[in-house]
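From first to last, the protein sequence lines are chains E and U. Going letter by letter, the first sequence gives residues 8 to 394 in this note's numbering. Going letter by letter, the second sequence gives residues 8 to 394 in this note's numbering.
It is possible that some hints are incorrect.
Any copy, or any two copies together, can satisfy a pair, since identical chains are not distinguished.
Claimed, not checked - With a cut-off of at most 25 Å between alpha-carbon atoms, the simulated DMTMM-like pairs for lysine to aspartate or glutamate come out as follows:
#	residue 1	residue 2
1	177	93
2	12	37
3	264	37
4	298	269
FYI, nobody ran anything at the bench for these hints, they're computed from the structure.
There are 2 protein chains.
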Amino acid sequence: MNVPKIYLDYAAATPLDPRALEAMTPYFLDTFYNPSSPYSPALQVRRDYEEAKDTIAHAFGARGNEVVMTAGATESINLAFTSAGDGHVVTSEIEHHAVLAAADQHDRTLVGVSQHGRVDTARLAKALRPETQLISIALANNEIGTLQPLREIVEIAKLERRRRLAAGEKRPLYVHTDASQGLGLIDIHVSRLGVDMMTLNAGKVYGPKQVGLLWAASHVVLNPVVVGGGQERGLRSGTENVAGTIGFMVALTRAEKRQRQEAERLAAIRDEMRQALEDRFPAMIVSGNPKYQLPNFLHVSFPGIDAERVLFALESQGVLVATGSACAANKGTRSHVLTAIGLAPEVADGSLRISLGRDSNQELCQEAVSIIGDVIASEYDRVGGAR
Amino acid sequence: MNVPKIYLDYAAATPLDPRALEAMTPYFLDTFYNPSSPYSPALQVRRDYEEAKDTIAHAFGARGNEVVMTAGATESINLAFTSAGDGHVVTSEIEHHAVLAAADQHDRTLVGVSQHGRVDTARLAKALRPETQLISIALANNEIGTLQPLREIVEIAKLERRRRLAAGEKRPLYVHTDASQGLGLIDIHVSRLGVDMMTLNAGKVYGPKQVGLLWAASHVVLNPVVVGGGQERGLRSGTENVAGTIGFMVALTRAEKRQRQEAERLAAIRDEMRQALEDRFPAMIVSGNPKYQLPNFLHVSFPGIDAERVLFALESQGVLVATGSACAANKGTRSHVLTAIGLAPEVADGSLRISLGRDSNQELCQEAVSIIGDVIASEYDRVGGAR
Chain E
8 MNVPKIYLDY AAATPLDPRA LEAMTPYFLD TFYNPSSPYS PALQVRRDYE
58 EAKDTIAHAF GARGNEVVMT AGATESINLA FTSAGDGHVV TSEIEHHAVL
108 AAADQHDRTL VGVSQHGRVD TARLAKALRP ETQLISIALA NNEIGTLQPL
158 REIVEIAKLE RRRRLAAGEK RPLYVHTDAS QGLGLIDIHV SRLGVDMMTL
208 NAGKVYGPKQ VGLLWAASHV VLNPVVVGGG QERGLRSGTE NVAGTIGFMV
258 ALTRAEKRQR QEAERLAAIR DEMRQALEDR FPAMIVSGNP KYQLPNFLHV
308 SFPGIDAERV LFALESQGVL VATGSACAAN KGTRSHVLTA IGLAPEVADG
358 SLRISLGRDS NQELCQEAVS IIGDVIASEY DRVGGAR
Chain U
8 MNVPKIYLDY AAATPLDPRA LEAMTPYFLD TFYNPSSPYS PALQVRRDYE
58 EAKDTIAHAF GARGNEVVMT AGATESINLA FTSAGDGHVV TSEIEHHAVL
108 AAADQHDRTL VGVSQHGRVD TARLAKALRP ETQLISIALA NNEIGTLQPL
158 REIVEIAKLE RRRRLAAGEK RPLYVHTDAS QGLGLIDIHV SRLGVDMMTL
208 NAGKVYGPKQ VGLLWAASHV VLNPVVVGGG QERGLRSGTE NVAGTIGFMV
258 ALTRAEKRQR QEAERLAAIR DEMRQALEDR FPAMIVSGNP KYQLPNFLHV
308 SFPGIDAERV LFALESQGVL VATGSACAAN KGTRSHVLTA IGLAPEVADG
358 SLRISLGRDS NQELCQEAVS IIGDVIASEY DRVGGAR
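Construct the entire structure; sequences and hints are all you get.
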């Protein structure tokens, strides 16, 4: 492609921060030692690794020894679900496939969401049973960008724990959140969130792909998904990903440092894009939550339009957006998220997910909106529908 | 450390091939797209990924669609063991901790080995039961370097399969090998090995760490260890490690290309080192197999000597060797491998594992032997033992 690219799919993948790669390179080429080897250059690598874990953990108010490094959010979620033991699990209808697949291995209840994608906390409270051991709700939805009422959910869990204590019931109840989407843009401090476990993914925050972590408070009992040499306190065996962890540390700390200003910056651009599209297409439907929304997410639907045709037309003009989440999009099935928020099929099929990131700026986004608008307009002309 | 380093612990970790890093870099920084995204730059990434898998698979006589990419050998082994289902497992006493830990989750029999570390195939044949579903034997041992009689083991499995067929028994019997150790130095062509499954680790062959694969013949039934978005034919979910797979491809193909000559080169240097040490220390015990041995491995024991003291003295003179496998060494327990081959505790505790690699050459290794010899001699002087 010779067309200059305007990348608006940061929710699917982020480029690696060049400073992260720079920090990783010596661990690839020079201090490549196995951190379990006993000589001092390897012990230094071990220290660097543990310090990187500490720095990562401090970024969200935790300690390095509460963190298990993994090969990404999916593995972290699988590990988090081991805490459910033989218990019942409560999650939502709009979770990532990794959560839904992990939940399917347990007796589980999927709670519905509002048309704005917020989990119905009253229904979540009712879904709890004495045998419920895990509640797993993503901090921000990865298709429409809705932020979830995690504090409320944590309070519901606390009430249930108190009831169990009073009733002499021994089963624990944990709250896990996947906070990967929106990492670097929203507050993920674990004591403010109040959760027991949190999944993060380096690949969503300008860190290396296939690097993630599960933070678990010390009272949470996990079982390893991968057994072996006993690394990560026996919870995740295999030679440690030193370079990847160093890269995650650099990317995360840089992203966290500019979190507030970056969130404000992107929200302003996003709002301007939405306004411009709304002005041109009054029939456009904006999904997600007007109030509780990822600052970089804009999910729009053009009823009667085929989003896949739009996507390819945009691509030919250098604009890259998504029609749904990358995983779901690949399967040619309609998004379970859009179904859950009640979008009619002809609306869902005309949906674009626009997600901004580090290289997004006002000028590029105005250009993108103009290109998107022209493509949508010509599609409406083609199908003869009302805009 | 200002001392020039002579690294002789390639079995624990290898540096990343700079050409592998060069090939990975564009996938970190530029074509960082999610391979599941639908636009053409992402489809190109998907093609690059699948082609890299094909190239990797061709290097050992297989097809890319028989390969599951993982986060390393440990995860691959865990995945291979899902093929055992509810069946019985046979492995050896000297396997890597990952195999032993995975086997512990099943009804299992550990077969003993000879003093040279070869699996006793007669005992292995006797260990098979009608309910045995998996035999897992590493191609080369990671502490002493013994190559295993895999062809014989495959023949034993074939006989048992024939018996089951005749008896109308339906249970399958699979042979898995972890061929990570010695990758790039020994033949790993799967049709010549005759196995049903093979684990490989990029981090042992100058590829990136936390990248590995499980090859499984198409008749093998696996269950995912990590569930989610359904990547890798549903066997291993999570966004694909494109950069890591590209790096593995470059490192593996480069290593395979020079496999024979590199094996000969290192074996010659290794033999010279052994001879020089034997000449100086007649009481030295060489472990591993005189005939079936990894070309880059030299495992030597100096009875009565404290190998940990030796290791630190060597380190201060810039020579890095191992006292046992990196994983086991870190735990302050005696190696299960050295116990299994019948080394007395005072012999085992005086053991060094020397493993050569790409930057090893005759001059450096002669220097290393001289340094090792002086350190051992001064230790013998200290303890007053016979050399």
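Structure-based check of all given hints:
In this assembly of identical chains, the alpha carbons of residue 177 and residue 93 lie at most 25 Å apart only when taken from the same copy (13 Å versus 31 Å across copies). Only between protomers do residue 12 and residue 37 lie at most 25 Å apart by alpha-carbon distance; the minimum there is 11 Å, versus 35 Å within a single protomer. Taking CA atoms no more than 25 Å apart as the test, residue 264 paired with residue 37 passes between copies only; the shortest distance there is 24 Å, against 29 Å inside one copy. Taking the shortest Cα distances, residue 298 and residue 269 sit within 25 Å of each other inside one copy (18 Å), while across copies they are farther apart (63 Å).
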